[in-house]
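**Student:** Below are the chains, spelled out letter by letter.
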Amino acid sequence: MKHTISVSVQHSFNALSRIVGLFSGRGYKIDSISFGEGEEPGMARVTITASGDEQVIEQITKQLHKIVDVHKVADLTYIPFVERDLALIKVKATPTSRSEIMQVCGVFRAQIIDITPKTLTIEVTGKKDKVDAAISMLRPFGIKEVARTGSVALKREFKGLT
Amino acid sequence: MSSMTVAAKSKRTNGTQKPNKATPKTEMTGGEILLTTLSDIGVEVIFGYPGGVVLGLYDSIFKLTDKPRHILVRHEQGGTHAADGYARATGKVGVVLATSGPGATNTVTGIATAYMDSIPMVIFTGQVSSEMIGNDAFQEADIVGITRPITKHSYLVMDPGDVESVIHDAFHIASTGRPGPVLIDLPKNTLNGKGVYTGSYKVAIKSYKPSKSGNHPKVAKAAELLNNAKRPLIYAGGGIIQGEASKELTALAKKSGIPVTTTLMGLGCFPETDPQSLGMLGMHGTWCANMAISECDVLLAVGARFDDRVTGNLDGFSQHSKKIHIDIDPSSISKNVAIEVPIVGHVKNILPDLTKLVKKTKIDDWKATIKNWQTVHPLRYKKQKGAIMPQFLIEKISEITKGEAIIATDVGQHQMWVAQLYKFNHPRSMLTSGGLGTMGYGFPAAMGAAVGCPERDVVCISGDGGFQMTAFELATAVEHKIPVKVIILNNGYLGMVRQWQELFFGGRYSHSHLAGGNPDFVKLAESYGAVGMRTDKEEELVPLLKKCMAIKHKPVIFDVLVKQEENVYPMVPAGAALQDMVDTED
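Going down the list, the protein sequences come from chains A and B. Numbering-wise (my numbering), the first sequence opens with residue 1 and increments by one. Numbering-wise (my numbering), the second sequence opens with residue 1 and increments by one.
These are computed hints drawn from the structure, not numbers from a lab. Careful: at least some of the hints might be erroneous.
Stretches of chain B that chain A covers, calculated by requiring three or more beta carbons in the stretch to come under 8 Å of a beta carbon on chain A [said to hold, decoys possible]:
#1 137-148
#2 196-210
#3 323-335
Virtual Cβ for every residue (Gly too), placed ideally from N, Cα, C.
Isolated chain A (complex conformation) (with noise of 0.2 Å):
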């Protein structure tokens, strides 16, 4: 099953390397990760998508856990969340396809941020099947490159309505 796993980290040299390196030392498999700035200067969040049976998370969050440099470990699976992917996705475009896949970025709310007379960048956002399912919708007419930042994700804070 696949967790969502959240870590407050000291944003030092070590602790990303560390981290990863956690990963590929004990066998366990990172589906995503990204590890940016967080709330405070000094410190980091870093978002990790893993797959695994029970006793392998509670392994990968005890060993998370111990990293010196490490605050805080969630694992979010359980409790509701908020999370997100970004893609920039550029595709082939003529004059005769852009429209079309004009009409593709409008159903999934997606933004042109860069367009030549061959290509357009594409940026969507939202969960990762959302942005699968977009990409899936642009491949016929020719993708050229990806760039996805994996999930980042926070805990929700809103009790009802979920």
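Fit chain B to the given chain A structure using the hints.
**Tutor:** This is chain B only, laid out in the frame that chain A set:
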């Protein structure tokens, strides 16, 4: 302040607190700050080796008066093992110093050894100047990267002004929680550049707060299980020794009457001459310990980690028991074996809570069963006329030292015979590479122990293979008059490799025969200025052992030619369950 905090504080020092002679808030070089800070912490000894980028630091070692003693080893691996042996024997933090590049990479095996066995150690490595890092400079190695998976934490210090705080933090991290090695990489310009020394830094690491107390409701649950058990067993590991909780464990065992088996790392945490002791369990454990763990109905694991050499095949491991596990490291709990009652915390604090709640158990049937296993399947071996049996040698060493010596070993047959037959009665007496299984560990570790505990006898029991991996440290031992006794069980083979080749590879002794190239160990000892002795006669053994133990101020190599093709039994074959162990050869 709780007693725990005091214990943790005193444990993290490597000696007695000395008054700090340097004036606070002065500007010094990074190297001077390093030595002054070590002195502040109370570090007694550094095992080190100089080289290019640490020349400035070595100049400070030459000039400064208030500094730890420096022992020049002959190889950085020997230095890390010596610091490790010092740490295991004393409970203080071991300190190593090496230069950049090859000096640093030579420490890797020693760091990994300490990491696997949770030994507190701080390793200082030199690094090329910060502006050269990444240029493939002469003697440059990314030692922080290389050692990342085998250190508890590591630092690359870019500013001389950070040296003081980093060292204090490193000692705190190395010695608290589940202990482990911490590496501090120091570029040349950090060591030689100037920074302010404050003399007043207080450790406060926001993200690092190892658990100290127990989870009390679960302690009650544990006591209830133990009180109602018909076949309870205590399985104690190295955590008892690291956590200084031997007395607390013994109190629990004595009050409840529950039998105790220890792991290789736990040897000495419960007196083996006590009738409640079942000896070691696991692959070469005693028959009664392995049967007891297979048959028990409540298993109390304390400071142990259910290592594969202990559990055998997991599917068959202690199937009838409810399991309680006390450990400071939450990731050790339910890692290999599912636990009904997990208790995370410091054994020294949790065991007394548990002892208060346990009652004297009524387990006469269980004790009778265990007694029967002990009687029918004791540790035994067949004597052979004209040959010294290796087991006999260990028994004699145990008798002559009355189980009071510190014993260091290498890895293999001799290590298992020591574990089975030496009667350890005190913690911090068995120094052995349990997790990593490092050959060449024993002799330098024994040196470190002898430096830390000059009042105790220190014996390295080794093989002809293992000793040769770090034999050159004889120079260090002779120079510093470290009176380590090295007793070589010389069987002319890599004994354990040969045993497995005999049992599982059709007797094809592929590259396990050493006798053809072995040196004359007596002459080797003498060439370094140590004492060399040899025997192959059983009747000479005891007098020579006594003579060997009486030599002070000099290392001794005692080469004992033992029976060549002897096997370690009992044995759990690889992949088998503990209850399927093989008792003897026939």
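**Student:** A separate judgement is required for each hint: does it hold in the structure or not?
**Tutor:** How the hints compare with the structure:
1. 137-148: Check passed, 3 qualifying residues.
2. 196-210: Since 4 is at least three, the answer is holds.
3. 323-335: With 5 residues close enough to chain A, the hint holds.
Of the hints listed earlier, there is not a single one the structure fails to meet.
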